[in-house]
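> Listed below, chain by chain, are the residues.
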Amino acid sequence: MRTSLFQPARLLAAALVASLGLTSVAALAAPKDAENFVRERGAEAIAVLSKPGLTDQEYAREFVAFVDRSFDAPAMAQFALGVYWRQATEPQRAEFVKLYRDYFINTYSQRFRQFSGERFDVHGVRAVNATENLVQSRIVRPAPAQPINIEWHVREAAGQQRVVDLIIEGLRLGITLRDEFSAIVQQGGLDALFKALRDKNLTFNRGA
Amino acid sequence: MIVRLFFLGAAAFLTACASVPTDPVARAAYDEANDPLEPLNRAVFAFNMEVDRYVLEPVARGYRNTVPTGGRVAIRNFLHNLRAPVTFANDLLQGEVRRAAETSWDFVFNSTIGILGFFDVTGDDWEPHEEDLGQTLGAWGVKEGPYLVLPFHGPTNVRDTAGMFGDRTLDPFEHGIDNPEDTWFFTGRTVGGAVEARERTLDEFNDLRRTSLDFYVTARSLYRQARDNQIRNGAPAPFGDFNFE
Numbered sequence: 000m001r002t003s004l005f006q007p008a009r010l011l012a013a014a015l016v017a018s019l020g021l022t023s024v025a026a027l028a029a030p031k032d033a034e035n036f037v038r039e040r041g042a043e044a045i046a047v048l049s050k051p052g053l054t055d056q057e058y059a060r061e062f063v064a065f066v067d068r069s070f071d072a073p074a075m076a077q078f079a080l081g082v083y084w085r086q087a088t089e090p091q092r093a094e095f096v097k098l099y100r101d102y103f104i105n106t107y108s109q110r111f112r113q114f115s116g117e118r119f120d121v122h123g124v125r126a127v128n129a130t131e132n133l134v135q136s137r138i139v140r141p142a143p144a145q146p147i148n149i150e151w152h153v154r155e156a157a158g159q160q161r162v163v164d165l166i167i168e169g170l171r172l173g174i175t176l177r178d179e180f181s182a183i184v185q186q187g188g189l190d191a192l193f194k195a196l197r198d199k200n201l202t203f204n205r206g207a
Numbered sequence: 000m001i002v003r004l005f006f007l008g009a010a011a012f013l014t015a016c017a018s019v020p021t022d023p024v025a026r027a028a029y030d031e032a033n034d035p036l037e038p039l040n041r042a043v044f045a046f047n048m049e050v051d052r053y054v055l056e057p058v059a060r061g062y063r064n065t066v067p068t069g070g071r072v073a074i075r076n077f078l079h080n081l082r083a084p085v086t087f088a089n090d091l092l093q094g095e096v097r098r099a100a101e102t103s104w105d106f107v108f109n110s111t112i113g114i115l116g117f118f119d120v121t122g123d124d125w126e127p128h129e130e131d132l133g134q135t136l137g138a139w140g141v142k143e144g145p146y147l148v149l150p151f152h153g154p155t156n157v158r159d160t161a162g163m164f165g166d167r168t169l170d171p172f173e174h175g176i177d178n179p180e181d182t183w184f185f186t187g188r189t190v191g192g193a194v195e196a197r198e199r200t201l202d203e204f205n206d207l208r209r210t211s212l213d214f215y216v217t218a219r220s221l222y223r224q225a226r227d228n229q230i231r232n233g234a235p236a237p238f239g240d241f242n243f244e
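In order, the protein sequences belong to chains A and B.
Note that the first sequence covers residues 0 to 207 in numbering that gives the first Met the number 0.
Note that the second sequence covers residues 0 to 244 in numbering that gives the first Met the number 0.
Treat the hints with care, as some may be off.
No farther apart than 20 Å at their CA atoms in a straight line, the calculated lysine to aspartate or glutamate pairs in the EDC-like style are these [as the list claims (entries may be wrong)]: (1) A:Lys199 x B:Asp206; (2) A:Lys97 x A:Asp67; (3) A:Lys194 x B:Asp213; (4) A:Lys199 x B:Asp181; (5) A:Lys199 x B:Asp170.
Keep in mind the hints are simulated off the structure, nothing from the lab.
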């Protein structure tokens, strides 16, 4: 009886069942992983904010670290540049990713710091494909403000989950930026876009 | 005189058209933007921003600072309730029987027990929604047509502008408009709606204006996305759009 398992037919069947089981487990696990990832990062973010007596500088450092371990800035940058990514040289791409990351951090750093008294609920997920998921969340604000629905587009690469886009009330950040960047590149080329981003980043740093 | 005005208008319209690029990549971006009247639209947008800066935003801020939260919620409810007949008609035109029933249920109870709609007594068994003829046309598959920015009104497109005029004929609250004694009501409704909407988004709007590289393009992109989202009644966008490879 014991050796019967090693009969070729049984072995094959067992291997098939095991591999089917494994793939279906993997396929099922991914959305749950993405959902848990967003839930954990949400809690982490709120923990950063609620640290007492955080100076502006400490807050900025914590926020940058948080963005770098939660968001895939190169992927977001590439998406936002759209067709012009293909035309850009390697050094231009590297420069753009850096400018994009700074712009993203600057934009959301202040917006996020105003966050207080809200509750962050993660309430669902839908799979886009084997590695990408959209995680549904809601920011519940004190009345009379209405809740804000945010979807997190999360992609898994090399076992790491990272946010590649946010969809706020059906409005996609990636699309909005791509439209905006495209209009500027059309007018004055990549250099004009880089200059616009650089200038904008400077106004943020001056606290404007 | 009228003929001359017409030619002046036509000339202004033609010079307002952006020149169509010949390079294929530039041409694709031009088509994607859907904004052949961009120079004219930008001028109107700049005008609207001035109106906002000197009139609408200060008034909205004053409204927030003087009217307590409960009062603002009641005014929002009232304005929302006034839109119910138009929403109901468009629910039906879209074949959304369930949503039509929700709209009429809300309208009947909020208009009566809720005292002319100032109080939302029907609770939150479902999310309140609004519909307009632009959305109905979109749901029927009518294309948006070129993007437009209207003075005082803001971003729209040809389809939604046509819808806006159509909605007025559907709206029982607009039918007294020929009676001069009633005009205060319609003016109040329009102005009140603008102030209420601006107050609700004071922080978000100003934040967006501060952070965007080209606010005109941001507004254009967001308008189109928001309308697509409303036409789908908030249903998820097709997955084909989520291509990150």
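> With reference to the structure, classify each hint as holding or not holding.
Hints and how they fare:
Our distance criterion of 20 Å between C-alpha atoms is met by A:Lys199 and B:Asp206, whose separation comes to about 13 Å. About 12 Å separates the Cα atoms of A:Lys97 and A:Asp67, which keeps this hinted pair within 20 Å; it holds. Restraint check: the Cα-Cα separation between A:Lys194 and B:Asp213 comes to about 13 Å, which is no more than 20 Å; the hinted pair holds. Annotation: proposed proximity of A:Lys199 to B:Asp181 is violated, straight-line Cα distance about 49 Å (limit 20 Å).
For the given pair, A:Lys199 sits about 45 Å from B:Asp170 by alpha-carbon distance, which is inconsistent with the 20 Å threshold.
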